[in-house]
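Assemble the whole structure, with the sequences as input and the hints as a guide.
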Amino acid sequence: GENVEQHPSTLSVQEGDSAVIKCTYSDSASNYFPWYKQELGKGPQLIIDIRSNVGEKKDQRIAVTLNKTAKHFSLHITETQPEDSAVYFCAAPNFNKFYFGSGTKLNVKP
Amino acid sequence: EAQVTQNPRYLITVTGKKLTVTCSQNMNHEYMSWYRQDPGLGLRQIYYSMNVEVTDKGDVPEGYKVSRKEKRNFPLILESPSPNQTSLYFCASSSRPQGSSYNSPLHFGNGTRLTVT
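For the protein sequence lines, the chains are A and B, in the order given. When we follow the working numbering, the leftmost residue of the first sequence carries the number 404, and every step to the right adds one. When we follow the working numbering, the leftmost residue of the second sequence carries the number 3, and every step to the right adds one.
One thing to keep in mind: the hints can contain errors.
To be verified - In the DSS-like style, the derived pairs of lysine-lysine whose C-alpha atoms are separated by at most 27 Å in a straight line are: (1) A/425 x A/512; (2) B/67 x A/445; (3) A/474 x B/59; (4) B/20 x B/71; (5) B/20 x A/445; (6) B/73 x A/445; (7) A/461 x A/440.
Calculated directly from the structure, the hints in this document are not laboratory data. As the structure is a prediction and not an experimental result, all values here were calculated from the model.
Laid out in structure tokens, this is it:
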């Protein structure tokens with residue numbers, strides 16, 4: 404199966420700074436890479452995803468980059484705000500199974 | 003409102019007492035799955051279902067059962083719960099099987115926190 408590794412496990416930034424979370428995966432057949440945000444007491448929610456035919460995708464302050472050769476993808480959040488504080492998960496579906504990273508707890512300090 | 007509904011939100015039980023966590027979605031999704039979330043381990047898939055009467059094991063299926071008799075419902079059954087099944091459980095659904103060339107996102111419920119003593 405797929406092995407997804409995510410770093411860092413915790414990340415603390417000052418409001419307005421950028422945050423970057425990185426994930427690597429093992430199976431070159433994986434072709435879809437979503438990122439989920441989990442707020443306290445809630446289930447994860449999709450914030451952005453990328454498919455293997457593109458290298459970068461942006462949605463306002465959030466962007467995801469993908470390097471298929473190196474088998475890694477990253478989440479970039481610019482101009483961070485306190486409401487960005489949450490746990491973020493990367494994922495790499497493989498056939499009919501879904502594999503998640505171990506999560507990054509992002510703390511944005513006002 | 004499109005949603006995945008899990009019940010109960012919190013459950014405390016004792017070792018060996020059978021329990022069921024219900025999951026229902028109103029989006030007519032074919033794909034449904036269960037995950038457990040443990041600190042430092044992320045989300046691990048327990049079981050998934052591609053459609054009615056089609057279920058298969060995820061990465062951590064031991065000690066769990068599922069059924070998919072209707073498209074909207076996908077209950078998780080613990081026939082003899084043990085303390086190592088204390089965890090936060092999530093149900094999720096998606097409009098297409100994840101293995102297809104086009105993949106669509108998972109929609110998650112708000113979780114069930116289970117404690118087995």
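Original post:
Regarding the pair residue 67 of chain B and residue 445 of chain A, is the alpha-carbon distance no greater than 27 Å?
Top reply: 24 Å, holds
**OP:** For the pair we were handed, residue 474 of chain A and residue 59 of chain B, check the Cα-Cα distance against 27 Å.
**Re:** 26 Å, holds
Original post:
Taking only the CA atoms, is the gap from residue 20 of chain B to residue 445 of chain A under or equal to 27 Å?
Top reply: 26 Å, holds
Original post:
Do the alpha carbons of residue 461 of chain A and residue 440 of chain A lie within 27 Å of each other, as the hint requires?
Top reply: 16 Å, holds
Original post:
When you check the alpha-carbon spacing of residue 425 of chain A and residue 512 of chain A, does it fall within 27 Å?
Top reply: 21 Å, holds
Subject >> 27 Å limit on alpha-carbon distance, applied to hinted pair residue 73 of chain B and residue 445 of chain A >> reply: Cα-Cα ~24 Å, so holds.
Subject >> Given pair status - residue 71 of chain B, residue 20 of chain B, alpha carbons within 27 Å >> reply: 20 Å, holds
No hint from the list above goes unmet by this structure.
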